[in-house]
Amino acid sequence: YDITTQTEMLKRHVGYMTQHFSLYTDLSIRQNLEFVARVHELPHPRRQARAAIERLGLAGREDQLAGALSGGWKQRLALSACILPGPELLLLDEPTAGVDPKARRDFWNNIHDLAAEGMTVLVSTHYMDEAERCHELAYLSAGQILTRGTAQEVIENSHLTTWTVSGPDLSELAKRIKTLPGIESVTPFGTTLHVSGTDAARIEKSISGLLDGPQKWERAEVTLEDVFIHMMGVAGDGEA
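For my numbering, add 42 to where a residue sits in the sequence shown, where the first one is 1.
Among the clues, some could well be false.
[Said to hold, decoys possible] Here are the simulated distance ranges between beta carbons:
1) R261 <-> H55: 46 to 54 angstroms
2) M161 <-> D211: 48 to 56 angstroms
3) L188 <-> D241: 13 to 21 angstroms
4) D135 <-> T47: 21 to 29 angstroms
5) Y169 <-> E130: 20 to 28 angstroms
6) G275 <-> H55: 31 to 39 angstroms
7) M274 <-> N151: 47 to 55 angstroms
8) P85 <-> Q106: 42 to 50 angstroms
9) L69 <-> P143: 24 to 32 angstroms
10) D142 <-> S250: 43 to 51 angstroms
11) R261 <-> T49: 48 to 56 angstroms
12) K247 <-> R190: 28 to 36 angstroms
13) R218 <-> Y58: 45 to 53 angstroms
14) R261 <-> L69: 51 to 59 angstroms
[Unchecked claim] Calculated lysine to any residue pairs in the SDA-like style (CA-CA distance at most 25 angstroms, straight line):
15) K53 <-> V81
16) K258 <-> G278
17) K247 <-> R190
18) K220 <-> L164
19) K53 <-> L164
20) K220 <-> M170
No lab work stands behind these hints: they were computed from the structure. These numbers were taken from a predicted model, which means no experiment stands behind them. No residue lacks a Cβ here, since even glycine has one placed at the ideal position from N, Cα and C.
Turn these sequences into a full structure, and let the hints steer you where they fit.
Have a look at this one:
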């Protein structure tokens, strides 16, 4: 499609779900979905709304006001409204921000069901456990794709080496090692530190004098979160 000349046609094939709830809070679930069906000029809007309610597990709540729903149910309603016209491409902007873990899991199960039916779903997220559930990933910064591929490919292409450090005085240790050659990020993870860099030999040389100290150093499997933090530092998106 040409977005300059075929805008209206393109809109009929693309669904977009905003990060913040954008349906009418003073309408019920059913009323919102019927309204969306009419806006898209779908035949039999009431029937379409009922089907959407059943599909996304909203049955029994259809007469509740949208504004009275919890975050997870609002997101489920928003997703239902987005897929009502049957788009080929679905764009989701951080769809699970601020919802509880169970609601996040249920939402992603719905996304995978849609993908299995042939819909292309493009999701933006800062949750790495969600990113790992995607078939393909891309890291964007300032409009540029810095890396892309499956989760495993992104990890392998990062060429990162990660060590985990546990033991006493980790805060002081982190301050000492941040500027050592080869160490590109030092990140607290619970009761440990993740120490990462792309030059394994330089890291090992830098930490060689610390391995017999009070802290325990172990080589660790690089995670997608390690890569994400590293890419933030490379892109200047934040302090890694």
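Handout entry: Which numbered hints fail
Key = Hint check: 7, 8, 16, 17, 18 fail, others pass.
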